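Listed here are the chains, written in short residue letters.
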Amino acid sequence: MIQLLWLIVALPVASALILAVLGSHLPRRVVAALGAGSIGVSAVITMLIATEYLSSPLAGQAYTEVLWNWINVAGFEPHVGFYLDALSLVMILVVTFVGFWIHLYSAEFMVHDEGYSRFFAYMNLFVASMLTLLLADNLLVLYVGWEGVGLCSYLLIGFWYRDPANGAAARKAFIVTRVGDTAMLLGLFLLFTSLGTLQIQDLMRQATEQWATGSWLAITAALLLLGGAVGKSAQLPLQVWLPDAMAGPTPTSALIHAATMVTAGVYLIARTHVLFALAPAAQFAVAIVGAATLLLAGCSALTQHDIKRILAYSTVSQIGYMFLALGVGAWSAAIFHFVTHAFFKALLFLGAGVIIEALHDEHSIFRMGGLRKELPVAFWTFLIGGSALAGLPFITAGFYSKDLIIWGAWSAAQGQPGFWIAGMIGALLTSLYTFRLILRVFFGPIQTPVSKRPGYLMTVPLLILAFFALVGGAMKEPLLAFVQSTLPKMVEVNAAGMTETLSEVVAMLVFLIGLSFAYLFHLQNRSLADAAVAHPTAHVVHSWWFADWGFDWLYDKLFVQPFSWVAEINKADFIDAFYTGIARLTEAMYRALQLTQTGLVRWYAAGLAFGSVVFLALVVWT
Amino acid sequence: MLEIPMRDGLILAGILFSLGVTGLLVRRNLILVLMSLEVMLNAAGLAFVVAGARWQQADGQIVFLFILAMAAAEVAIGLALVLQLYHEFKSLDADALSEMRGIA
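Which chain is which? The protein sequence lines are A and B, in order. When you line the first sequence up against the numbering used here, it's residues 1 to 622, in that order. When you line the second sequence up against the numbering used here, it's residues 1001 to 1104, in that order.
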């Protein structure tokens, strides 16, 4: 069974190709069956492989499948190969499983869209690229997947391309992530030139042998890889693209911009954890980036009106938690949070899709309300997803994974009380913005009438994901033990002054504080919230957070405008002048020759006679 | 029969040809332009006949027959064009018919 590993990637590729070529001629039922079915079969194969992997341990806990040699140039011979270990197995399980339910949901959600087959072709291509990224056994193949998911993200954000704003959002996402990708590519170059291979496992072995801990090369390489991760995972300072990426269809936001692609950065760092362990400075940078991002994005989420933008900032913030976990050395906690986050955030986005569709494309949470009775399935599942996001104690998966990270932020090898405090404040913000969202959307008076109710293709994925958002916490111990066969164990070294139980109790208190404040401001006395925003000082802070701490403004002033200015003044640069010169010369010659075209036949005859005389003279006298 | 020296014959042909060219360039009436063309063709024909006489070959006279046939065809087309032009423009002035000049 495990030999069928390649099939997991090949099926979505095949389906994407068929849909891209024949999609417009196929009936919608067939398109949906192909699009969702290919992912479904992939998911089943993945589960079978997982069963086999668990039941019969492999030598070295990993399975390598070399498909073919890619290039062979002067000792540089990367092959296309897949590498399956506990880490990549967990990742592909989540991607295919959650991906399947999102595809199923899309089959109904997108049914009236004219680009139905195009949508499924892009989505399948995305899943294939994501799986390539996760299964790659060398960094070059990983990079192919990395760029593939970036491309699909671009295509899907700009899916409704008739609106120029969507195209702009797609370009923004592509260009901003490209900044990170360039750093990552440089990192790959550096690793290859100094260690002579791109095979991830060889690379890690060589790095430990050749580089001392904290050596300059290790830090540079790790920081360059971090640059790539920061771009793809929308972390500070490249987080600006993700909120705008919400221009894409909602299932896209659920699959790409919440559950899977944006966590590719987390996977990259976890995959190259040996390198980061060799570069403590870079690992510290990971933690700082994570902590800063989770706080900033949490504040921004608190001020947004658009339901999808709130969820987008929440995603940025939650990935910040994963980065924090990676940075402090709680590797397995980051992966655990990735798993639970994939369930509950995909659920929240799919729920948001139901709500937006039910209310005639209404995005503002202030024009929603009272949907509890109108959309009961969406309400209950959204409540479960939101509780998991906010970390409702004991019964939701998010509680276990987030608390593990917060506890790790204090106690793990590189943990510090400062990180723990950041995590706690982040948890408070999460609880606040989540319940602000839920209370505004589902409670209070009805503001917009419901015009459409979801069918079973949309409600079943919600229920399944809600189930996993609840019971995901039960997977904690087995999952951690499983992942730790690949990743270093989380060691509690700085436990002084804090115990895991105490940390959890504080987290529960923080959750309750967030919940009660949200209740106070957004349900019991809504005028309080308006009054708070109207206060002059609060208003300034509110607008600042609303504009994502002014990052867009800053980048516009720092990069976009200078670039446009340079482009503007360079319109008449010397290369242009050369080509304009050719055009001018041609035009001048045309004007001169035009003078001879008098239309007077006698002049033409004279010219002919004169010419004949000249040529005859030449023939005679030479 | 009195031999005419080839040089005299060619000089006559040359003079006729020059007259034809001059007429072609100077005349504005299309009919006269066509007549000048005929003079030029006959000058060429004369040169062939003279040359044929000089070498005692019939080729020169055969070529002259070709030239005659060609001239007849040319005149037929030329006159047809002239008639059409007159019909269109009510004028036979070559300089007035400059529709195909450039934009200048």
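It cannot be assumed that every hint is accurate.
Unchecked claim - Covered, in the sense of this in silico footprint (three residues per stretch, anywhere, with C-beta under 8 Å from a C-beta of chain A), are these stretches of chain B: (1) 1049-1062; (2) 1076-1084.
Claimed, not checked - Calculated from the model, a selection of chain A residues having no Cβ within reach of chain B, i.e. all distances over 10 Å: (3) L4; (4) T220; (5) D552; (6) T598; (7) G599; (8) L600; (9) A606; (10) V620.
What the hints assert, rightly or not - On the chain A side, residues computed to face chain B include the following (Cβ under 7 Å): (11) Q597; (12) V601; (13) R602; (14) A605; (15) A609.
To be clear, the hints were calculated from the coordinates, so they are not data collected in a lab. As the structure is a prediction and not an experimental result, all values here were calculated from the model. We treat Cβ as the ideally placed atom computed from N, Cα and C, and that holds for glycine.
The hints, checked one at a time:
{"no.": "1", "hint": "1049-1062", "verdict": "violated (count 0)"}
{"no.": "2", "hint": "1076-1084", "verdict": "violated (count 0)"}
{"no.": "3", "hint": "L4", "verdict": "holds (73 Å)"}
{"no.": "4", "hint": "T220", "verdict": "holds (65 Å)"}
{"no.": "5", "hint": "D552", "verdict": "holds (53 Å)"}
{"no.": "6", "hint": "T598", "verdict": "violated (5 Å)"}
{"no.": "7", "hint": "G599", "verdict": "violated (3 Å)"}
{"no.": "8", "hint": "L600", "verdict": "violated (5 Å)"}
{"no.": "9", "hint": "A606", "verdict": "violated (5 Å)"}
{"no.": "10", "hint": "V620", "verdict": "holds (14 Å)"}
{"no.": "11", "hint": "Q597", "verdict": "holds (4 Å)"}
{"no.": "12", "hint": "V601", "verdict": "holds (5 Å)"}
{"no.": "13", "hint": "R602", "verdict": "holds (6 Å)"}
{"no.": "14", "hint": "A605", "verdict": "holds (6 Å)"}
{"no.": "15", "hint": "A609", "verdict": "holds (6 Å)"}
The structure fails to meet hints 1, 2, 6, 7, 8 and 9 from the earlier list, while all remaining hints are met.
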